[in-house]
Amino acid sequence: MSLLELRDVRKSFGAIEALRGATFSVEAGAVVGLVGDNGAGKSTLMKTITGVYRPDGGEILFDGASLVGRDPGEIRKAGIEMIYQDLALARMRDVASNIFLGRELTRNLFGVKLIDAKRMRIEAEAMIAKLGARVKSVTQLTGQLSGGQQQSVAIARALTFNPKLVIMDEPTAALAVREVEHVLELIRTLSGQGIAVILISHRLTDVFAVCGRIVVLRQGAVIADDPTAQTTMNAVVAHIVGATDVPHQGASR
Amino acid sequence: MSAALFPPVGPRSWRERVFGAAAFRFESLLVLAALIAVMAFLSPVFLSVSNSLNIVLSTSVIGVLAIGMTFVICSAGIDLSVGSIVGFSGVVGALATANFDLPWPACILACLAAGALAGWVNGFLVTKGGIPPFIATLGMLGVARGVALVLSNGVSIYGLPPEVVYLGQGRPFGVPTPVIVLLVTAVVAHVLLIHTRFGVYAQVIGDNETAARAMGVRVERHKTLLYTLSGLLSGLAGLLFAARINSGEPTAGLNYELTAITATIIGGTNLFGGRGSIVGTIIGALIMGVLQNGLNLLAVQPFYQQIAIGAVLILAVWLDRINSVEGWRR
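So the sequences go chain by chain: G and E.
Under our numbering, the first residue of the first sequence carries the number 1, and numbering increases by one thereafter.
Under our numbering, the first residue of the second sequence carries the number 254, and numbering increases by one thereafter.
Worth flagging that the hints you see were computed from the coordinates, not collected in a lab.
Treat the hints with care, as some may be off.
Said to hold, decoys possible - Facing chain E, according to a computed beta carbon distance under 7 angstroms, are these residues of chain G, among others:
#, residue
1, L61
2, G64
3, G73
4, R76
5, A90
Every residue, glycine too, gets a C-beta built ideally from N, C-alpha and C.
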């Protein structure tokens, strides 16, 4: 059984059909690259998985249970984390509160659940240190950090709660070369720990460097789904731009 | 990475220690002190015990409204209906005992329930109806006031039970009851805003609503709760008002939304959401109270007071804009 299974997922926004039946699956510990042109439906598909959007049709199974109709909080609890392209950070709050956003640690005081800011600070520090991220203090406001540091915060948040699947939407787009290497290394480490990763990226070299499989999305449907070893950069580009436009699944070419 | 760009954050300031991360705007305290100094200089009776009690007493209704407003504004919303709900809930509470002969707790419950219901409707319109908060609560401003006038036939409803009147006129230990109610409300609200998920999520929604949703905050449900809370506190303010004048007055709380919003903004709550401070809001409410009381003592016509309050609101937001253009101040 696959960890994540998408079957014929459909989603429309008004007259625009963003997803026209996307089907693919992700095994535990696998790194899957999801590529496609702008507007191919990559982000929409991922937001459908994380519960931000509700699919109009089709089925999404995670660990054998359906995710359709569950809210983002429940889906995070089930073990899916996503690092959004815009990072989804609360910029007026400090690093620690962002790492624990939606999952604040609390302590009981006379039956009232109070946020345990001290414990959050300590654990956030540990997480930042573990990632080797260069954030001076977890009490800094997130909005005051550089782009790369904000990225680290978003990554730390995704990894703090032992996810089974991490979805990364363009995690390297805003980073310097050395930081990109760091993120790719992190993806390999996660995979080694049995954590599956879906990597959305326009940088095909990154995708080819870390992904075991590459899924190409075109106009809301999967047009190619091949092991990295059995495809080439040229073939993937051809699929992305539609040079091979015959909708099909499985082996390509 | 240059260290100068990101200076390490030192030990937290006393302000942060005492008031939590959402420290109030310190300047507001200076404004309050300056205002008190000026008024004391201009009017000999200003600092007298009875006048000081007058100020905190008149601040209590506005203060309770502004506390609810703080939650709504820091979630990047606005509630224009609070003043009308003061009148509406006071009338409903007075009717419960005066017309239906219910026992005194019913009067209190009716006030609070009427306020909460109006607030819930606001929340429903904003979240389920997708109506901008400005419009939804502007509509409620008209509707709640209208219902208050219809229910009361446009006249005051006299005769509240003595237990309720005590809430407005009583002085346990020499302190007016409304002031005690305000203080208790403020303490609870402060803990709620800074130290619980409920308050933090209100601020996160104002900061980045999409992020809040993606991280599992039930944004719609939460917003509905925030407007309901604001309505509930407006109901409480309506109760205090009615109890103080011993009648349900359909025109009670007229224009109070203006004062409550102004108090909230000068207290340092970000008009565009993300950050709020109850301590600041109380200081803001006191500033409004001192301003109105001082202008009264100086025998300035009430018409000018409206001008003063409006000008203070615009000035506060203007300063806020200048500050946010400068960047992050804290």
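Against the structure, the hints come out as follows:
1. L61: Constraint on L61(G) not satisfied, violated at 20 angstroms.
2. G64: violated (22 angstroms)
3. G73: At 3 angstroms from the nearest chain E Cβ, G73(G) passes the 7 angstroms test, so the hint holds.
4. R76: holds (5 angstroms)
5. A90: At 4 angstroms from the nearest chain E Cβ, A90(G) passes the 7 angstroms test, so the hint holds.
Hints 1 and 2, counting from the list given before, are not met by this structure.
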